[in-house]
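Could you put the whole structure together from the sequences, leaning on the hints where they help?
Chains as they are written, first to last, in the numbering used here: chain A, 1 to 257; chain B, 1 to 521.
Honestly, the hints are just simulated from the structure, not real lab data.
One or more of the hints may lead you astray.
Residues of chain A placed beyond 12 angstroms of chain B at every Cβ, according to the derived structure [claimed, not checked]:
(1) N18
(2) L128
(3) N148
(4) S152
(5) S179
(6) A185
Quick look at which bits of chain B chain A covers, simulated, 3 or more residues with Cβ under 8 angstroms [said to hold, decoys possible]:
(7) 463-469
(8) 484-493
C-beta atoms are modelled at their ideal positions from N, C-alpha and C, and glycine is treated no differently.
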Amino acid sequence: MSKQPILEIENLHAGVENKQILKGFSLTIYPGEVHALMGLNGSGKSTLAAILAGREGYEITQGTVKYLGQDVLEMDPEERAREGIFLAFQYPVEIPGVNSTYFLKAALNEVRKHKGLPELDAMEFLSLVKEKVKLLELNDDLLKRSVNEGFSGGEKKRAEIFQMAVLEPKLAILDETDSGLDIDALKVVSAGVNRLKRPDAAQLVITHYQRLLNYIIPDYVHVMADGRIVKSGGKELALELESQGYEAIVKGQSVAA
Amino acid sequence: MLSVRRRNERLNQVRWLWSCEQPIQQNGNDAGDPTKQFGKMSTATEIESLVKQEYKYGFVTDVETESAPPGLNEDIVRLISAKKKEPEWMTEWRLKAFRYWQTMKEPTWQFVKYPPVNFQDITYYVAPKSQKDGPKSLDEVDPKLLETYEKLGIPLRERERLAGVAVDAVFDSVSVGTTYRDQLAAKGIIFCSMSEAVREHPDLVKKYIGSVVPYTDNFYAALNSAVFSDGSFVYIPKGVRCPMELSTYFRINAAKSGQFERTLIIADEGASVSYLEGCTAPMRDENQLHAAVVELVALDRAEIKYSTVQNWYPGDEEGRGGIYNFVTKRGLCKGKNSRITWTQVETGSAITWKYPSCILLGEGSKGEFYSVAVVNNRQQADTGTKMIHIGKNTTSTIVSKGISAGRGQNSYRGLVEIRKSATNSRNFSQCDSMLIGAKCGAHTFPYIEVKNTSSSVEHEATTSKIGEDQIFYCNQRGISTQDAVNMIVNGFCKEVFKELPMEFAVEAQKLLGVSLEGSVG
Ligand SMILES: Nc1ncnc2c1ncn2[C@@H]1O[C@H](COP(=O)(O)OP(=O)(O)OP(=O)(O)O)[C@@H](O)[C@H]1O
Ligand SMILES: [Mg+2]
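This is how it looks when you write it as structure tokens:
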């Protein structure tokens, strides 16, 4: 493939204070691809997502991360977001008193400004919202409330995907978007994510369960343990994981290594 | 978000409870009647001769530039009164206040620190400044100030006025003011400067001035009563709903009311009025000490809504040169089912010390207090309210939002007193503090006194920090840290902003953003 990768992570080592969390993580993602990242609790999946999004407080000791050829580690988190990196949070944050629609409009207009597009006014934004609401069968009452405040676990996850639908990122990182969703919601959210698939964009889906991958069909599945990818494969790897458990795969891998 | 819930906090600062235990003079005001305390009255001729003495103190005759020498004594008080062509009773009232003030000590209980004020260094009478003294154009004005105006979106001509630029043409707001005054007069509404009211409506002024805040009330109220410069006077007649928001913007004498402002608003039976004080632009003033008094009187079924945006100069990053704002604001719900609402957004001044309060005397009356107080850098604010329930079935609501950034110290001080007579009364108080950064402080001092068993008081307090999580979440959606802080803070203050008149609320939000600039990251 002669296409430029969307994301290129090479031998990334990172941690907090004296704790190493990522220990030689490498991954390349091309446009149009869906990658699933699986792994035990505490293996470093959310840390990776946070570093990609630019959260402060991590020390990067080795390795490089390129997003569309640029050194992403040099960019502010808001700049990365405006450039098209979107993180659907494992634990979305509540912002009391800030209206969800207002928040999302501010976010979209930042992206548009960055692209040199005119900002949307309230009316234009609302018609866009109406269209996207249908896509996700979102209860539009949520949009009248404060950002994530008092939302149920599942509502928060849906709201994240809704934001993604409005912002149309180039690289979407979904951190355990499936956890906390009932089976119906899972179908709706996955259908939404699938519909957001574009040939020029990519998705990195972090999950523990093969279940999600019945709905979001990944091109690649990676298994992570102790800060790096220990095994990669096609979607059948997820099935293997489900039937044999992580231990066998991780162990088998380390023996082989 | 970190959140600590404190209930029924009670601290032992009894001295604050009511600096004077006799605040309510139910039948008007004996203070206005000089014969009660002083056997002999000064006569008009005496005043005249006093005015003539002025040269002795070095007054310059040029009307444009004259001012008194610094310091305060009875002659200065007389001079102020004479310059304003006040009737004798007013002069006497001022003198009584002055004599009382001399017996008082500056209060020290508030949670603020500042070097002592030398009251003999202050100039108590300054004639309206000549245009010659101001900057000639915006080019001569501090660029930092101009930058702030720009951010607040204040119209160019308004900027000139705020910065004190000499403008030759008759200014818009003056002519606007006059048009509105005609409209108001048609409804019998009086809206004028306090000086004018003393001359033109002496009966009303005499009846009500000092009836809510007597000069004996506290140190600064006594000082204000002796030397007050000017302020607004509003009277809304029976059954009249004031057709527009009254604002100091529209007041003819708005430009410089001086450091000892005095405002009196009376809503007669069934009347209603909404009054806006201040403006969101930062106001520069050479006078460091501001000690205003505001009195509100609501008769049967009357409603008064008083909204303030206070944005005096807070001083530089080290707090140098800021204004000390020591204000006494009190409303008397005198009539049945009357209602007084105080809404304030306090972002300015080096030191703020104010407790807009309600005395709920009339049966079924309502008092409300909605406040946002912001401190940044080295600002200190000690603010809150007092709700004194005297009448039956009275209710009060307190919503206070304190925001501290930099090294700012923010204290909420609230008193809810339900007297024995105030059966079936209720209060709800909510005091939330938000901290931005690690060097600032928030303090809550609620005092609650309930003297009957049929009433209820509910107090809630929370303290939260703007979380890094919240800011990162916003960043991840493309929103800059500064915008994120503004958004989060405005969300926090929402309950108060919705009480402000529309345009004011929009301005207040912007103002908050400017005040907190650079507080994070
Ligand atoms: N700020 C931090 N301080 C200390 N330890 C941290 C910090 N952030 C992450 N860790 C640790 O790093 C490891 C990886 O955490 P991370 O959240 O990335 O795991 P994860 O793979 O997302 O797990 P899960 O599947 O449970 O969501 C954990 O042991 C965690 O406790
Ligand atoms: Mg995780």
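Query raised in the report: Beyond 12 angstroms from every Cβ of chain B: is that where the Cβ of A/S152 lies?
Result: Its Cβ never comes within 12 angstroms of chain B, the nearest being 18 angstroms, so this holds.
Query raised in the report: For A/A185, is the shortest beta carbon distance to chain B beyond 12 angstroms?
Result: 22 angstroms, holds
Query raised in the report: Taking 8 angstroms as the C-beta cutoff, is the stated coverage of the segment 463-469 of chain B by chain A satisfied by three or more residues?
Result: Contact hint for the segment 463-469 of chain B vs chain A: holds, 3 residues under 8 angstroms.
Query - Beyond 12 angstroms from every chain B Cβ - status for A/N148 - result: Given that some Cβ of chain B is not farther than 12 angstroms from that of A/N148, nearest at about 9 angstroms, it is violated.
Query raised in the report: Counting residues of the segment 484-493 of chain B with a beta carbon closer than 8 angstroms to any beta carbon of chain A, are there 3 or more?
Result: Coverage by chain A holds for the segment 484-493 of chain B (6 residues, Cβ < 8 angstroms).
Query - Check on A/N18 being off the interface with chain B, judged by Cβ distance over 12 angstroms - result: 20 angstroms, holds
**Report entry** Non-interface claim for A/L128, where every Cβ of chain B lies beyond 12 angstroms
**Finding:** 16 angstroms, holds
Query raised in the report: A/S179 clear of chain B by more than 12 angstroms, beta carbon to beta carbon?
Result: 18 angstroms, holds
Going down the numbered hints, you'll see the structure goes against just number 3.
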